[in-house]
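Q: Model the placement of chain H on the given structure of chain P, informed by the hints.
Heads up: the protein sequence lines correspond to chains P and H, in order. Numbered per my numbering, the first sequence spans residues 24 to 181. Numbered per my numbering, the second sequence spans residues 267 to 423.
A few of these clues could be false.
To give an idea of the chain P side of the interface with chain H (calculated C-beta under 10 Å), a few residues [said to hold, decoys possible]:
id, residue
1, Y46
2, P47
3, T51
4, H53
5, M57
6, A58
7, I61
8, S63
9, L66
10, L89
11, F168
12, I172
13, A178
It is worth saying that the hints were derived from the structure and are not from the lab. Bear in mind the structure is a predicted one, so any value in this text is a computation, not a measurement. No residue lacks a Cβ here, since even glycine has one placed at the ideal position from N, Cα and C.
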Amino acid sequence: MGFLEWLQSTWLGVLVAESLWGYPIFETIHTIGMAMMIGSLGLINLRVLGYKPELPLLDTRQLLPLAWIGFTLNAISGTALFTSDAVYFWDKYTFRIKMVLIILGGINAALLGQRVFREASAGAPALPTAASTKWIAFLSLVFWFGAVIAGRLIAYTP
Amino acid sequence: MDILVWLENTFIANAIRTIPWLYPTFETGHYIGLSLLVGGIMLIDLRVLGFARALPLKSMIGLLPFVWIGFLINVFTGSMLFIYGATNFGPNRAFQVKMAFMVLAGLNALAFDLSVRRSGSSWVAADRPPNFVKGVATLSLFFWVCVVTTGRWMAYL
Chain P
24 MGFLEWLQST WLGVLVAESL WGYPIFETIH TIGMAMMIGS LGLINLRVLG
74 YKPELPLLDT RQLLPLAWIG FTLNAISGTA LFTSDAVYFW DKYTFRIKMV
124 LIILGGINAA LLGQRVFREA SAGAPALPTA ASTKWIAFLS LVFWFGAVIA
174 GRLIAYTP
Chain H
267 MDILVWLENT FIANAIRTIP WLYPTFETGH YIGLSLLVGG IMLIDLRVLG
317 FARALPLKSM IGLLPFVWIG FLINVFTGSM LFIYGATNFG PNRAFQVKMA
367 FMVLAGLNAL AFDLSVRRSG SSWVAADRPP NFVKGVATLS LFFWVCVVTT
417 GRWMAYL
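Extracted from the complex, chain P is given alone in its bound form (with noise of 0.2 Å):
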């Protein structure tokens, strides 16, 4: 027996896909952690791209629980979801388009974290944004989005 096949034979994979309540419950919980995310993520790079500049850009910090809250919802609904049917969401391209587009996602947060917030915090809080960190700030709007859009896509694809 492989992997995937295990994974939906545990009694997590069993009782997501088998309960009554368990796959909408983790599929509603998925949604609203991807709100959360796209939320606080969302502003955060569009400030660093040049809108409400009135927002102290070091200060975007404080949105970052946020994102980490929909994020850990997200990882947690979206491997019990995955688990339920697992070999069947393997099979998927826009699965895996979807999962190498959320490590993108999240090598570009790193990343932009690096240089915003700890250049910033270094002294320079005033410093205008560089050109490149505005490329990974948009970057990373075009990951997260595109996630979202491979993932409801999971269901119409082969």
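A: Chain H only, in chain P's frame:
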């Protein structure tokens, strides 16, 4: 129910049924709109409740245009999705409860908007939302989570 049958047979509904990528496109659009709408509202409500205090309250309330864009995207995409399956969605309990929560969330947003305007925004400038406004923000979070939840549940009834 006649209007539901009629809706489902309009050329729009037929187009959504015939063009294979149209339904997934509207559904995906509905999720992007949801992210802007609920993501934006959440930021405003949480800020009113004291989250991310270093960010000026006035600027955060200034995120409302995003919320409106998300709302308009979702009214449009939601209408398209509804027309496609009107006879199925119309009698759906989860859909009916979702619409009820939408009305409640809308009235609640109106109360928020009025309290921003009526007070001449004095509490906005002073960053001291009155308890009434904090109550409205809490209800807003609750109503929108209910809208998302009942919307998701439509597929399972």
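Q: Please go over all the hints and tell whether each is borne out by the structure.
A: Here's how the hints hold up against the structure:
Below 10 Å, beta-carbon pairs count as interface contacts, and P/Y46 has one with chain H at about 8 Å; its hint therefore holds. At its closest, the beta carbon of P/P47 sits 5 Å from a beta carbon of chain H; the interface hint therefore holds under the 10 Å criterion. Checking P/T51 against chain H by beta carbon gives a least distance of about 5 Å; that is within 10 Å, so the hint holds. Because the smallest distance between the Cβ of P/H53 and any Cβ of chain H comes to about 9 Å, under 10 Å, the interface hint for this residue holds.
The beta carbon of P/M57 is positioned within 10 Å of a beta carbon in chain H (closest approach about 6 Å), and the interface hint is therefore held. With its C-beta approaching chain H no nearer than about 4 Å, P/A58 sits inside the 10 Å limit, and its interface hint holds. The restraint placing P/I61 at the interface with chain H holds, with a minimum CB-CB distance near 4 Å, inside the 10 Å limit. Taken as an interface hint, P/S63 checks out: its beta carbon lies about 7 Å from the nearest beta carbon of chain H, inside 10 Å.
Interface restraint check for P/L66: the shortest CB-CB distance to chain H comes to about 6 Å, inside 10 Å, so the restraint holds. For P/L89, the interface hint holds, the least distance from its beta-carbon to any beta-carbon of chain H being 7 Å, beneath 10 Å. Because the beta carbon of P/F168 sits about 7 Å from the nearest beta carbon in chain H, less than 10 Å, this interface hint is met. Hint on P/I172 holds. Least Cβ distance to chain H is approximately 5 Å, under the 10 Å limit.
Proximity of P/A178 to chain H holds as hinted, the smallest CB-CB distance being about 8 Å (cut-off 10 Å).
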